[in-house]
Amino acid sequence: MKKISRIFLFTFLAAVFIATLCLRCSLAQEAVKTPGSLFYQANINYQEAKYDAAINDYEKIINSGLESGNIYYNLGNSYFKKGELGLAVLNYERANVLIPNDSDLRSNYDYVLQALNLEPQLSGVWFERIVYSLFRNMDIDSLIILLISIYIALIALLILNLFINRLKRFSGFIAFVLIALFILPAFALSSKINYFNKAAIVISKEADVKFEPLENATTYFKLNAGSKVEVVEKTEGWYKVKRFDNKLGWVNKSVLRQIVD
Amino acid sequence: MDKLKNIAGSLRGSILSLAFVFYILSFALPCFARELSFEATVDNNKVSLGSRLQLALSFNSSQDMPAPDLPAIDGFQSQYLGPSTMMSIVNGKVSGSITHNYLLLPMKVGTFKIGPFKFERNGDKYTSNQISVEVLQGQVQNPAQPGSQAVQEPEIGDLSDRVFVTMQAKKNNLYLNEVTQLTIKLYVNRLGIRDIQYPEFDHGGFSTAAFGKPTQYQEARNGINFDVIEFNTSIFGLRPGEFKLGPAHIKCNLIVQKQRKRNSPFASNGSFNADVFDDFFGRYETYPLDLKSGDSAFTILPLPQDNKPANFSGALGSFDLEVTAAPLEVKLGDPITLKIVISGEGNFDTVGVPKLKSEKGFKIYEPQVKQEANEKRFEQIIMPMSPQVKEVPAVSFDFFDIGSGQYKSITRGPFPIIIVKPEKEEEPKIVENKQFTSAVPVKEEQLGRDIIYIKDNPGHLKKKNQYLYGNKILLASQVFPLLIYLLAVVLYVKQQRLKTDLRYARGLLAPRKARAGIHQAKKYLEKAEVQKFYDTLFLTMQEYLGDKFHLSSKGITVSVIDEHLRKEGVVEEALTRLKDIFRECDMVRYASSQFTQSNMRDSLKRLEEVIDYLQRKKA
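From first to last, the protein sequence lines are chains A and B.
Each residue of the first sequence is one higher than the one before, starting from 73 at the first, in this note's numbering.
Each residue of the second sequence is one higher than the one before, starting from 910 at the first, in this note's numbering.
Hints were generated in silico from the structure; no laboratory data involved.
Heads up, the beta-carbon is just placed ideally off N, CA and C, and yes, glycines get one too.
Hints may contain errors.
So the derived label-pair ranges between C-beta atoms look like this [what the hints assert, rightly or not]:
(1) A/L286 <-> B/V1329: 50 to 60 Å
(2) B/V1398 <-> A/S205: 36 to 46 Å
(3) B/D1229 <-> A/L206: 47 to 57 Å
(4) B/K1381 <-> A/F84: 43 to 53 Å
(5) B/T1092 <-> A/F199: 38 to 48 Å
(6) A/I220 <-> B/V1399: 41 to 51 Å
With the hints as constraints, model all of the structure from the sequences given.
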């Protein structure tokens, strides 16, 4: 009887050991696939100058449906090291959507533009440019939080105004200030969303912008890698784009990539 | 011997003199070789008897020609007025001209030929052109005064021979994207034209540049001198095929002298309404003109596909390529500047960056481009990245030569370079300053430039393209602050009513106070304190009815109940119950021992039911 119980105990322990081992293995495999581990693996590849492998790993994270400003920043660096400056600009622009106040990003972006002989261009009328410059360092979510805060403050002011008589003397002025504070970031937010949804970057070395969406159409003007354009219209395989000087033309879809897919 | 010497000396002198004469002639001859043109023009080719005509005989490229003796001209009498000279400098070349002016007086009606005039000087013969002039009997177009450019009012009708527009291209058969010059000229003969606008023309199928600054000069056309305003632009065809360009329109204003109407001295408005200044100066009015040229036919040919080079990027014209590379001795990773200049004639918009034969071992940056009138400059930075690199690869440029109708390729280089091994970099010297503890480099520090290193953490990871503005829950929750505000408004209004409307306030408090009274009465019921119970019940009922119907609580009696509550529409049963409770309360004062706990409970229940009824009735 004792022998049987020992065999049973031994079998049980062995089964537990094997099960634990399998679990650990599967956990280890899972760990390799997490975005964090992919990121660190990509960084190692970058350090070893394996830029293709690094790009592959960073893009795996993005293809899994996740993104962060740091990933796009590192991806931009990898493309720059690889010599694909158009794609570097694209990824710095994407990082700029998420971490616009990052000084490293600004420095690298300026450096790449300098290497491409390009200058940053702010589009829109003067008022749009001023508002955009005012809120340049705020990302979209921060602007929304700011707007909600101002909105709640305005409601709170209206409620307090009902019950506190002393406040009534200043409430008009405070409300005016809050409304003005609301309009500016609201305009900036609208401009940013509009810009990110329409802007596109030339990723090939040179792109022919044509008069018609046809391969044999006459070239109107050329765009260099990293140039920024506004996508006005889309047809199958072609984008109608507008340059900073408002020149319009058709460009093959393959040479452009939109900042927000 | 002496004679021989003299002969040799005189021969040498003659040879030297001859050489000197030839030397002088070699300078003088080009002056005579210059083409001298002799041209005759008149200011109008229609003239009436009794009026005057001005004839101008012009010698171009010389200013020292005397006035030719004018032969007798059939139908005219002539009189020399004098010379006028003009000097012009075009592209650094100085040229002069002289014009001898004559006055011609028509003597009879008819069509007369003036010229050709012949003139001889220093053995050279010059012959002018011939001009046809018509002399009419009646009034003909005449300027108001010599020198005035205004026309009189009735002459506006047909001015097509005095003001018109022409359009002409340098070339009408073009290749696709080939640039040609288009010239639009406005001709004006002795008319006052103002406010001339830039030409407009239909240019479907062509790309056009903006017009340059117009030039103004005089041109003789069919013997008549015109003032010409010339507009130039460049055009190129966008599609192969047959196209028509134009007509070109030029809008301008014609200055017309309004003729003064002679009013009858007997007219009612006679001289009183007439502007006295009209008599002296006349009046000028402007008439808008829209002048139209003819159109111009073009044939746009496609570029041939045969022998088209692989690197051809659409450049059209006749070009030359110059390439320089510097420095030719560099360290690994140091930049080499390639200066590429494409010069010549053609469409420089179609000129792209010339390609390097090979980019292996180099890091190539995008070039900086500068475009001027007849050249395009590229400055390209390349960096040798491998020590095996021995030369900058050759640069080639492919274009379509319009003159020969063939594709051409120009190659420059390769340029041999030397990659030197990096030496140990000179470190900046630090000089210690006795006064200050910190040390600064004496030499100006050369800072390197590269991208900043990668981030070591992934940062805030979030779902791709998901922003707060797309979060429906967050957007919906923005209604809550608004609801809270509405609630606060309701509360505020209620509070204000409680403060100002006493009836409303009492009615609102009535059930609360009644509940408190009933609660107190229940306590007395449990203790079986009859007197206190009914006193509480009575007080509760009085206060409730007083508050509810906005009456004095102390004055609530059975008769008041009957009178007021009936008016309020309270049902008879409720009134009876209230009266019963009142009676019971009265009875307790005299015979409290007759009331048991059961009676008390019954009274309380009835009061509760009546209050409940009255509350519901309100609702």
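Next item on the list: If any of the earlier hints don't hold here, list their numbers in rising order.
Entry: 6
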